[in-house]
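J.: Here is how the chains run, residue by residue.
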Amino acid sequence: KWRISFQISAALRDGQVTPIELCQRCLSLIKSTKFLNAYITVAEETALKQAEESEKRYQRGKPLGILDGIPIAVKDNFNTAGIETTCASNMLKGYISPYNATVVQKLLDQGAVLLGKTNLDEFAMGSGSTDGIFGPVKNPWSYSRQYKEKTVPKSESEHEESKWVITGGSSGGSAAAVSSFTCFAALGSDTGGSTRNPAAHCGLVGLKPTYGLISRHGLIPLVNSMDVPGILTRCVDDAAVVLGALAGHDPKDSTTIQDDFQPFQLPSLTDVSKLSIGIPKEYHVPGLSGEILAVWSKAADLFKNAGAKVIEVNLPHTRYSIVCYHVLCTAEVASNMARFDGLEYGHRSDMNKSTESMYAATRREGFNDVVRGRILSGNYFLLKQNYENYFVKAQKVRRLIANDFVKVFGSGIDILLTPTTLSDAVPYIEFIKEDNRTRSAQDDILTQAANMAGLPAINVPTALSERGLPVGLQFIGRSFQEKQLLTVAKWFEKQVKFPMIQLEEVNGHDHGVFQHQKSASIS
Amino acid sequence: VLNRRCVEAAVMTGLALNCSINRKSLFDRKHYFYADLPAGYQITQQRVPIAVNGSLSYSLCIDNKRSQMVTKTVRIKQIQLEQDSGKSLHDDARSQTLVDLNRAGVGLMEVVMEPDMCCGEEAAAAVRELQLILQTLGSSQAIMAEGQLRVDANVSVHHPGEPHGVRTEVKNINSIRFLAKAVDYEIQRQIEELENGGTILNETRAFDSKLGCTVPMRDKEGKQDYRFMPEPNLPPLILYNAKSLPANVNHQQVVNIDWIHERLPDLPSVKRAKLVELYGILPEHSFTLVNEDGLTEFFEDVVKQTQMKPKKVIGWILNDLLSYLKQHSLTVKESPVSSFLLADLLNLLEKKEISASAAKQVFEELWKGEGKTPLEIVKEKQLELIQDQEELEQICQAVIDEREKEVIMVVLG
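Protein chains in written order, with this note's numbering: chain A, 160 to 682; chain B, 856 to 1268.
None of these hints come from the bench; they were simulated from the model.
All values reported here derive from a predicted model rather than from experimental measurement.
We treat Cβ as the ideally placed atom computed from N, Cα and C, and that holds for glycine.
Any given hint could be a false lead.
[What the hints assert, rightly or not] Stretch by stretch, here's where chain B covers chain A in the computed footprint (C-beta under 8 Å, at least three residues):
no., region
1, 408-414
2, 457-468
3, 500-508
4, 511-525
The whole structure should be built from the sequences, with the hints applied where relevant.
T.: Given below as structure tokens:
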């Protein structure tokens, strides 16, 4: 199946397929996978127009680059000019932004075709992609042959209804979109793991870049000091391609670094003997499933057997991380959500007795419980009498957590290898038994430290669980060393040969051109 | 994104006010809900502002005649950069508020003074001097009527030797004149209140310019918790000096305090001193010159173009030109009499071709702005001074001959 951008790019250049054909194919697939609820808005008209423009460029022999004509999807918390941006919230339902987020603009400037906006947890708060106003996203693997084979349904309909599993979150829509082949890459966001978590559950590569590498301008902010745009693709090479298009200083975002960024082609590593892999023992958390522990172990052995140094390391402040994350996250959320008052844009309540009562009603009507809960917590932590004890303390501990990583990387470790999630994807009916706060606390535990420390991290799909669902592992790298991180990830990807999802809906769309590309790989 | 020009303006102003410039300053969010605050918070510098601990010297006339000036100083606590909010216009008639967001987010510089001033006159003089400094630096046009300079006065009273009393904040002051009035009114009000056994509330009051008094402001709530938080989108502001400037730096990306210092223009106080030294005019004169926009340039232009001594020119500038301008509410730039024309006139006077009183008549004519030169006016009105001795004797003789009676009375005493 058309896994790899380079290949499809070559196919476009050679005329084996045209951008319009590709776009139509993807749009058609979106329609037939509608039950996944991955997309909130499908921008059919504009996508076809973009495909047309791309086609003209290919005909002239002047494509803009590798991404020209490549269909992509964008999480619905990135501003897109002329296309609704809702953040899966009543607060922004019907909101049409007047501008493109920098990352969206960069993709469009490279000729990418924007298929639509994907579903998420409301305002990116959640780890299941279940708490948005448009309903939950279904993990495509729920409908895979691999999963169906492993579960014994009481009846055919029973399986479909009650056994479908979540995508993880909050970028679940983007993950489902890529995983079901409706697009080649999707943008997510990652504040505490929101790109890596769904990547793990959907069998995808999910890259969280170093904080400051990619512009956040136009990404509706959750936690300004931790948010990053995330990249979801089906293979590591594709992630590198997208990273190349997005990274670099943005004058509109003062938190991006000034240094020039050089896009790179990933070398194909053959010799890992010079590599030092760290295994942080604190990531062996209670609640980590035996299965994932086994996969993690096997991966460590894989590196060892290939000649790399695999060393157990300590990140002593790890256990404080999730608590500090919650304090800092809710504080910034409370601040960032203050702008939603119904006056200038978005939902405005009919209540008009006074400005204050209008604000209160608007925010009650516009936000779900999760968002309101975080705002209340955050404001509590920011009160004068609490600020020192919560916010400042959490920032201090954050520094300690970041220093843990600095020490470890300074001692000769190149990359850290950890699990991404505690288990494979759980069925939706199980997931909703616990509330969002509880779930987030559990699910973010392995991923949020990288956000606290601003480090790059990537989920690489590794193996299938006993239930036939994807399990991924996380690699964490040094600041701004994405090239090294992705190189190691690519080597690992090649070793584990994670199987392709077998989806009936997708197979049905198989046409001649793509058959031979089914299991090809670039190196 | 931080506006470079704002940073430069703040550094310039800080240097001009003898402040210590903080090489590292921070930005914070100040949260409150209000219709004209679209983000729900204002970005300001609560923890570490850009400049601290400065001073501003200003002068006051001891009496009204401007003959004796005394210099005073007010300490500058700090200068901080922050964002402006929008503007709210309350339409009570229709129970609605109109919100104008055009200026929301524009950079502001807040200059905080210590309570070193004791009356309206001092406050007015200090603010006037600050205004001149800002205009000289180019940091701001500082026109109060247009909201480019906004002044809030914090007033308290106390018995000598006792600590400062509770202060009130007075807002809605739209001119320097009103500032003096508002401060004096508030001082009186507080004294009366206390002498009647009342207490002063730590409140915000608005100055009502029509009634000349202060009234409590209606929609300011009690003490708010602003939930200050560091602004995560703006890294700490690092300023450099010649020593700390890194080697391979992009000059577009840094602000160098020393570079700015070298390029500071002459401050008003320096300008005044130079005028006094250069032209031999009195300090009071230099005050008026610098105080009036464009007047110094006008004066210097005239001096260049005439042989009359500056000490005499200044009289014409301050007594004649300025009073005409004030009478007709004109600025120096709008003067119908240009420096060229005035210099021309003064040259005639200096060469004794006309008398002083004739010159004043010519000036009045020039003021009409009909495009005539002084010489033309002199000829037209036959104002020439007669230099010829014989001619003069003839005229005198003619007068004496005509007025026999009066002459006899004069001779008799």
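J.: Would you check chain B against the region 500-508 of chain A, counting CB to CB pairs closer than 8 Å, and say if three or more residues qualify?
T.: holds (count 3)
J.: With a cut-off of 8 Å between beta carbons, are at least three residues of the region 408-414 of chain A near chain B?
T.: With 5 residues in contact (Cβ-Cβ under 8 Å with chain B), the coverage given for the region 408-414 of chain A holds.
J.: Would you check chain B against the region 511-525 of chain A, counting CB to CB pairs closer than 8 Å, and say if three or more residues qualify?
T.: holds (count 3)
J.: Can you confirm whether chain B covers the region 457-468 of chain A, using C-beta to C-beta distances below 8 Å and requiring at least three such residues?
T.: violated (count 0)
This entry does not satisfy hint 2, going by the numbered hints stated previously; all others are met.
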